[in-house]
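Student: One letter stands for each residue in the lines below.
Number of protein chains: 2
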Amino acid sequence: MKETRTSRVLRATVEYDGSRYRGWQSQMNARTVQGVFTGAVKPVLGEGTRIFGSGRTDAGVHALGQVASLSLERSVPVPELPRLRRAINDGLPPDVHVLALEPAPPGFHARHDAALRIYRYRISRRRTAFGKPWVWWVKDPLDAAAMKKAAALLAGRHDFASFCENAPGHDSTLVEVAWAKVETPASVPDLILFRIAASHFLWKMVRRLVGTLVEVGTGRMAAPKVAALLAAASSEPSRYTAPPSGLFLETVVYEGDPAPPEIDPLRPGW
Amino acid sequence: MKETRTSRVLRATVEYDGSRYRGWQSQMNARTVQGVFTGAVKPVLGEGTRIFGSGRTDAGVHALGQVASLSLERSVPVPELPRLRRAINDGLPPDVHVLALEPAPPGFHARHDAALRIYRYRISRRRTAFGKPWVWWVKDPLDAAAMKKAAALLAGRHDFASFCENAPGHDSTLVEVAWAKVETPASVPDLILFRIAASHFLWKMVRRLVGTLVEVGTGRMAAPKVAALLAAASSEPSRYTAPPSGLFLETVVYEGDPAPPEIDPLRPGW
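In order, the protein sequences belong to chains A and B. Residue numbers for the first sequence follow the numbering used here, so the first one is 49 and each next one is one higher. Residue numbers for the second sequence follow the numbering used here, so the first one is 49 and each next one is one higher.
Simulated from the structure, these hints should not be mistaken for lab results. Warning: the hint list may mix true and false statements.
Same chains, same label: a pair holds when it works inside one copy or across any pair of copies.
Here are the computed lysine to aspartate or glutamate pairs in the EDC-like style, where the Cα-Cα straight-line distance is at most 16 Å [stated by the list, open to error]:
| id | residue 1 | residue 2 |
| --- | --- | --- |
| 1 | Lys180 | Asp138 |
| 2 | Lys273 | Asp207 |
| 3 | Lys196 | Glu150 |
| 4 | Lys187 | Asp138 |
| 5 | Lys187 | Glu303 |
| 6 | Lys229 | Glu95 |
| 7 | Lys273 | Glu284 |
Just so you know, these numbers come straight off a predicted model, no measurement behind them.
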C-alpha cells in the first residue's frame, strides 16, 4: 500500500490587485481580499477552514506574495494540492490569485510565525498608460541619489513613532529594519522603487517613509533630517503619507524558508 | 536676435491600453484611440491639424510606441514642444499617453514612411492578478523550445496568405519578415513573448501566427508544418487567431532613426 502524505495546515501565497478592496482583513459590510479569498476557499477545503493572513494591508494596497495559513477540519492528501489550488482560483475574481498552496507544519500561523516582511513601493516619474493603479505618479523632478542616501539611514533599530498612525492599544514603536533601499532599474528609467524589510511594520509606516523620501527627492527636505525624525517623535511625516496605490506586500519570510526569490523590479506592471 | 527653430510637422510617439477602444483608426460612432488623441491634440495645436498613424491596430490591441505624424496649420517653436506635449497629455484619458513629441522633416508621414514595424505578443502560462488585459492566458502546457523552432521559420520573404484575413482591395500577401522570435524572460518564467519585425503586416497576421505557434507549443501541430502553411495557402490558421489582448505595437522605425531602444520584456505589466 502506497503511503500518501497528508496535511491539515496549509500555506497559501496570494497575489492581489488591491485597488477595489478595503484591504486584506475581513470586515463586516466591506469587500476585502480575505473575504473573497475565504469565499473561494471554503467550498473547496471545507466550511470550517480557519484563515489567517500574515497581516493587514490597507485599503488599496496590493500584494505580490501575501501569505495565509489555512487550518482545515480534516487533513488533505498533499498530491491533491495542485488540483485544490486550481479549484480555489476558479472561484476567485480576476484580481486575486493563489500562486502556491503548500503543506505547512502543525500549528503554523501566517501572522505569528512571520520572521520578515518585505514591502515595495513604486514611484513613477511619468504618466503611464498602463500601470496607473500600481504607482504613485510624482510630477516634481526627483533626485534619486538623495533618496538613496536617506533610505540608507533607515536600516537598524529605530523608534518609528514619527512614521506611524497611532493605532489604539498599540504598544511599542521600536522596529528593527533589516534593510531599506531605493532602486532605479536600468530598464525603466522613469520608475523608482523603494524596498524595505523588517520583522513587523507599524500602521502607515511604509507610506510615511515614502512620502518623506519624496520630500528629500524634491529637495524640500535635506537627507540628514530623516535621521532627526527618527531620533525625536514628530508629527511632520503624517503630512507626507504616500497614496496606497504604489504599495505592495512583496514577500513574507518564515523560519526555515529558503532565501526569498528575487521578484522582477517591474512587477506588477508599467 | 536669437533664432528659434520651428517645425510644421511633428512626430508623436504614443502608448495606449487598447482594451476600451475600437482600435487606433478614427471611425464614425466608435471610440478609437485616434479619436481621443485628435480630441486632445486639436485644442493645443490647432483645429486644422491633420493626424496620421503608422497603421491601424485592431479593437483591443495595445501600443507601447505607436507613431503619429501631425501636420500643423502653422509652425511651432521647437523649444515649446515639451510644454505642448504636457498640455496634450492633460487632455487625454489615463489609458493613452504621449511619450514623445518631436520635430519631423517636411512631408513626414507616419504610415507611408515607416521602414519597420515591431510587434510583441504576450502569452501567460498562468492566471495573473495584475496583467490580465495584456496577455493571452493559455492553460495548456506549452513547449517553448518547439515554439522557438517554429518562429525561426518565419524570417525571410514568404507568402502569408494562410495567415491573413482577406481585406477587400488588398493586393499582395508577400511580406518580408526581418526577424521573428519567441523569448522566455528568465525573470518571469510564466511569460512567453513572441516578437516580429517587418516593413508591413497583413490583417490579423500576427494573431494568426501566434495562434499557430501555440498549436505547436501544445504539441497539436508539428513545428515543420508552419513551413508548409507558408508554402501553400490554407484556411487552417484562421481557426487559431489569438485574442487581441496580448498584442502590442512595440516600435515603428523610420529611415535615419537610431536603432530602436530595447523595451523591457515585462512591459507593460505582469
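Student: Take the hints in turn and mark each one as holding or not.
Tutor: Here's how the hints hold up against the structure:
no.: 1; hint: Lys180 with Asp138; result: between (27 Å within a copy, 15 Å between copies)
no.: 2; hint: Lys273 with Asp207; result: within (15 Å within a copy, 66 Å between copies)
no.: 3; hint: Lys196 with Glu150; result: neither (37 Å within a copy, 33 Å between copies)
no.: 4; hint: Lys187 with Asp138; result: between (40 Å within a copy, 12 Å between copies)
no.: 5; hint: Lys187 with Glu303; result: neither (41 Å within a copy, 34 Å between copies)
no.: 6; hint: Lys229 with Glu95; result: neither (42 Å within a copy, 48 Å between copies)
no.: 7; hint: Lys273 with Glu284; result: within (11 Å within a copy, 67 Å between copies)
In this structure, the hints that do not hold are numbers 3, 5, 6, in rising order.
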